[in-house]
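The numbers in the working numbering rise by one with no breaks, and the one at position 206 of the sequence shown is 206.
Hints listed in this document are in silico derivations from the structure and should not be mistaken for laboratory results. Because the structure is a prediction, the values reported are computed rather than measured. Each hint should be verified, as a subset may be incorrect.
[Said to hold, decoys possible] Label-pair distances were calculated between CB atoms; the ranges are:
(1) Thr209 x Thr182: 32 to 42 Å
(2) Asp80 x Asp172: 36 to 46 Å
(3) Gly106 x Asp24: 36 to 46 Å
[What the hints assert, rightly or not] Result set (DSSO-like, lysine-lysine): computed pairs, CA atoms no more than 30 Å apart in a straight line:
(4) Lys179 x Lys169
(5) Lys139 x Lys95
(6) Lys161 x Lys11
(7) Lys13 x Lys201
(8) Lys95 x Lys133
(9) Lys139 x Lys193
(10) Lys95 x Lys11
(11) Lys193 x Lys179
(12) Lys169 x Lys139
(13) Lys204 x Lys13
(14) Lys52 x Lys62
(15) Lys62 x Lys133
(16) Lys13 x Lys161
(17) Lys179 x Lys95
(18) Lys204 x Lys169
(19) Lys13 x Lys95
(20) Lys169 x Lys193
(21) Lys11 x Lys169
(22) Lys133 x Lys11
All C-beta atoms, glycine included, are put in the ideal place defined by N, C-alpha and C.
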Amino acid sequence: MDGIGWNYSDKVKEHFLHPHNVLDVNEEEYNADGVGYVGSPACGDMMKIFIKVKDNRIADIKWQTFGCASAIGSTSMLSDIVMRDGGMSLDEAYKITPEVIINELGGLPSNKIHCSVLGDKALREAINDYYRKSGHPEKIPHNKESRIVCHCLNVTEEDIKMEVLEGVKDFDELQKRTKVGTGCGGCIDEVKKLLAQFVEKYYKDRVYTGSNCGINN
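With the hints as extra help, turn the sequences into a complete structure.
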């Protein structure tokens, strides 16, 4: 069972074996205000998140996935985080990071960190979908704070971090996915340095705990 007996915390196992807030009706019956979908059948992990919104807060959240124990446990925990105290505001929910989820779970095996990215990405897509459907696409947040590393291709430090969280560990793969450094090439040394720092942070230990992280980090 994906090494669950050795590599996962009790909290991950709890959420994997008894996941919370899974969609148990058909999509049409649930009638979500926003739907977010990430992943593909080709890579094996797919995630779909459904939200209902009231007064700019998430009133309910449901999800479906074809994924491993980490994807299921992470998204179950994400749904609990979102619904605490009656539901997060859309702005608060948009800021949830994989580190926050991993920290709440008590850690994940380093080779499964990429699975924790599915839920928060799908949640942001669901919020974006809600803004579009409600006639307010201008409210879709854009990360204006992350430093641009590759000005030719507009690749930010956050973009590199998220690629690493999705499992990218070498420059060739990063470049293939983002085209970083294919313009003037002046950023390549800095990109390689950042890539090495993020790989060291997330994959140095067998289990990454996401410790000392918050929603605004």
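(message) Output the indices of the hints that this structure fails to meet, ascending.
(response) 3, 9, 12, 22
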